[in-house]
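Trainee: Could you build the full structure based on these sequences and the hints that come with them?
Sequence order for the protein chains is R and Y.
In case it helps, the numbering used here puts the first sequence at residues 9 to 650.
In case it helps, the numbering used here puts the second sequence at residues 4 to 256.
No wet-lab data here; the hints were simulated from the structure.
No incorrect hints appear here.
Beta-carbon label-pair distances, calculated as ranges:
(1) Y:L90 with R:N619: 43 to 51 angstroms
(2) Y:G32 with R:K172: 22 to 30 angstroms
(3) R:D406 with Y:D214: 55 to 63 angstroms
(4) Y:E67 with R:N635: 49 to 57 angstroms
(5) R:L583 with Y:G32: 40 to 48 angstroms
(6) Y:L110 with R:D13: 53 to 61 angstroms
(7) Y:G184 with R:D545: 15 to 23 angstroms
(8) Y:D214 with R:R153: 22 to 30 angstroms
List of simulated lysine to aspartate or glutamate pairs, EDC-like, C-alpha gap at most 20 angstroms:
(9) R:K40 with Y:D140
(10) Y:K149 with R:D41
(11) Y:K190 with R:E129
(12) R:K70 with R:E186
(13) R:K531 with R:D545
(14) Y:K149 with R:E299
(15) R:K40 with Y:E136
(16) R:K303 with R:E280
(17) Y:K202 with R:D166
(18) Y:K149 with R:E280
(19) Y:K202 with R:D151
(20) Y:K202 with R:E157
(21) R:K600 with R:E611
(22) R:K596 with R:D585
(23) Y:K202 with R:D132
(24) Y:K149 with R:E272
(25) Y:K202 with R:D161
(26) R:K40 with Y:E130
(27) Y:K202 with R:E129
(28) R:K582 with Y:E188
Computed from a prediction, not measured in an experiment: that's the story for all the values here.
Heads up, the beta-carbon is just placed ideally off N, CA and C, and yes, glycines get one too.
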Amino acid sequence: MSKNDHLLEYSIPQLLRWRVKETPKRPALREKDFGIWNAYTWEDYYDHVRKTALGLKAVGLKKEDTIAIISDNIPELLFVAIGAHSIGAISAGIYQTSMPAEIAQILQYLKVKAVFCDNQEQVDKVLDVRDQIPNVRKVIFEDPRGMREYMSDDWFIDIQDLYKMGEKEHARDPDLFESLVDQGKPDDPCHLCLTSGTTGLPKGTIMTHKNYINMGVQITEVDPLEPTDEYVSFLPFAWIGEQMNSFGVAMATGITINFPESVETAMSDLKEIGPHFMFGAPRIYETIRSEIWLKIDQSYWLNKLLYNYFIKVGIKAAGFNMTGKPMPLGLKIKSWLGTQMIIRPLINQIGLMRLRRAYTGGAALGPELFTFYQAIGVNLKQIYGQTEITGIAYMHRDGDVRPETVGKPLPGTECKIADDGEILSKSASVSPGYYDLPEKSAEALEGGWLHSGDAGFIDDNGHLVVIDRLSDVMHNNREEMFSPMFLENALKFSPYIKEAVIYGDKEDFVACLINIDPIVVGKWAEDRGISFTTYMDLSSKPEVAELMMEQVLDVNSRAEKEHFKIKRFALLYKLLDVDDGELTKTGKIRRKFVQERYQNLYEALYDESINTKEVEASFQYQDGQSNIVKTSIAFYTVKGAK
Amino acid sequence: MAHLNISNVTLSFGGLKALSNVDMKIEPGLITSIIGPNGAGKTSMLNCVSGFYHPTKGDIFYKEKKLTHASPHQVSNMGISRAFQNLELFSGLSVLDNLLLARHQNLKYSFLHAVFFYGKASRIEAENRGFVEGIIDFMELEPYRKSLVGNLSYGVQKKVEVARALTLAPDILLLDEPMAGMNQEEKEDIVRFVMDIQKERGITVVLVEHDLGVVMDISDKIYVLDFGEVIGSGTPEEVAQNPKVIEAYIGEE
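Mentor: If you want it as structure tokens, here you go:
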């Protein structure tokens, strides 16, 4: 029993009310608008939630109705979500990058009654499919820009008007809101979170108030946060990772959530805020690492010299820090010196100086990246969990960061490995099931355990090790097992490689398609006077292929088993992209789809007589237009691999 | 009553007539486009309105005020501002500074106030910054606020150029080929901004543009110039069917 367990008795709106009583004047939310950070205190937060809640009630949203949210991260999104929770309605997040057809499908499946959009871009998508979504009675928007012509249609409502309706309701019956909030119970469903959809249409996972609050309480049990701590909200709200922080952690601890000015400014706003903790998918950490790498590369000789020396010291020191072993005095002094001279100024440039802990989740991160971040003094730790268990169930502990594992269970989480190697978990954060999919729910929650679909084991230190998706593990035609994700991560640690797709299931050897990193390889080419135009052009340069050959040879030299070695590869002419359906919204490869789409390349990879092949590359742009370009693609055989 | 009344304007350089007897009426709140082949006199027309050239003959009235012989800063003070085809920005200054600088005529405080930066000076500076931030928000330039203009891509610089014209809070905005040299995506972006400038901010837009698709899509009225003469005018549909215009653009059959 911890000091925060009493929080589990509340629903999210009730907990918000409790926070208002505790610290009414402390900033709860902050948003950069017109170049200035504006704060909402807990009191303001609650006022806005009340206005929104009663406004939603006035436009006809009832208990157990669903409201979908398609929006960039802005405070209004939380007002709408928690406003809906206050009247017993259920919120659901949809990714801002979703296409209209996908939005229609989701709105139909979740039987959505109202939609909140941040701007005209999202409103237009909903408008596009209006005839397919007769259940949607209202579309609420935040930014009135470009909406003038829609205003005659009472399907739309400006959030300011919704606030006014809420105010009017409140004036009419001042006790109404409080009594509605009182009716909420911790085990009521409050949000529908879409799973990432690696295998088909996403499922709507039902989340309860308690799921989120328990998650927030348990994680801060291990890694405490102060109410004065700052968090920058830049993950998509539709992803469980953002809800964990805005519903779970923020409510459980009273930290301040900061909203960037726009998606494009998130990184510079991060620098201005200097958050104390941060959460992100591996991609974010890969990008920041590349950024540091570029910054140093462009710096003058003394900086480079110091960095190159002290990063080695840092990596050595990280080895001790991560395992909690005491450091020799000499190394301690050198590491302190390096931190003061070069590391601190460097991470201050990126805004990570105040960071106490950074978490990565959603997919695996290369082990070398952990060491790198620990070396620059960023306490990066792996967390692991599914949407169905509110995103997190396992986590590294400070001083016990083992890159090859995902750490130990959170307090209150039980872990079991099934006979077939599947990871099973149980906790108060496990979702009651999927929306309107009783069979799938029963399957996932069979025997009262959450079935992760991932294969794993518990190592000698009590850490959980995740191998790969059960369904993704591959066997070559000699029945030797390997994990494609593991090899892809090994490749992706090279700064020159953005993405890789490993093949080799029921084949003689392992082969892969590689996406070069346009920024890093672009800079590399520039430095060598290699001229190029587009990504496609850069990828087809023989010099770049040589560079990639070095990277693959390096990965092969570290391969633990002979059959892990990559024998053939090709450089893909375009970046794998969410818009083309090749990646999920959280950046995971949709393996089956990618294999089908690049079937001709796959065949050529396994036909060793082919050195080049003519292909038609099709592109889809964000606005839905597509284009076809003819190009030739080269295939390379790696020496020394069987 | 037309906002801007151009009557019988002729502009000659020695023996060359860049414009001859041009009549145009720019109605308030609309997007009026001026199109025509290269060298037809489109930019010369804008130069006459904005005071860079003065017509050899004829008159230009803005709300009944005559600006035929007004200088560029007088025209700008009247509420007509212009974004140039070839960028005219300070490439060594940040986006924010470029925009703030354009508001210099609104900085009405004394030297002493400026030295100590108290009272009026700090208030006026804050007001100006607030106004400029509104434009930055409107043109979606937040990520570039503190970047040097010279380091930005051409497409973004064009947006800054339009933003700078907007910081003067004009009644009429003259846009000289805002989409030249842009890719499809950047063009679509600028079109949206031009339409928002008209609809959201209620500014009258005069657009000189080569991309006929864009012009036909967004204009309320079009004037077609050829060899310095107006050869057709009207709504996009009318202009598209005008035989003289077709001849000027695709030649005689």
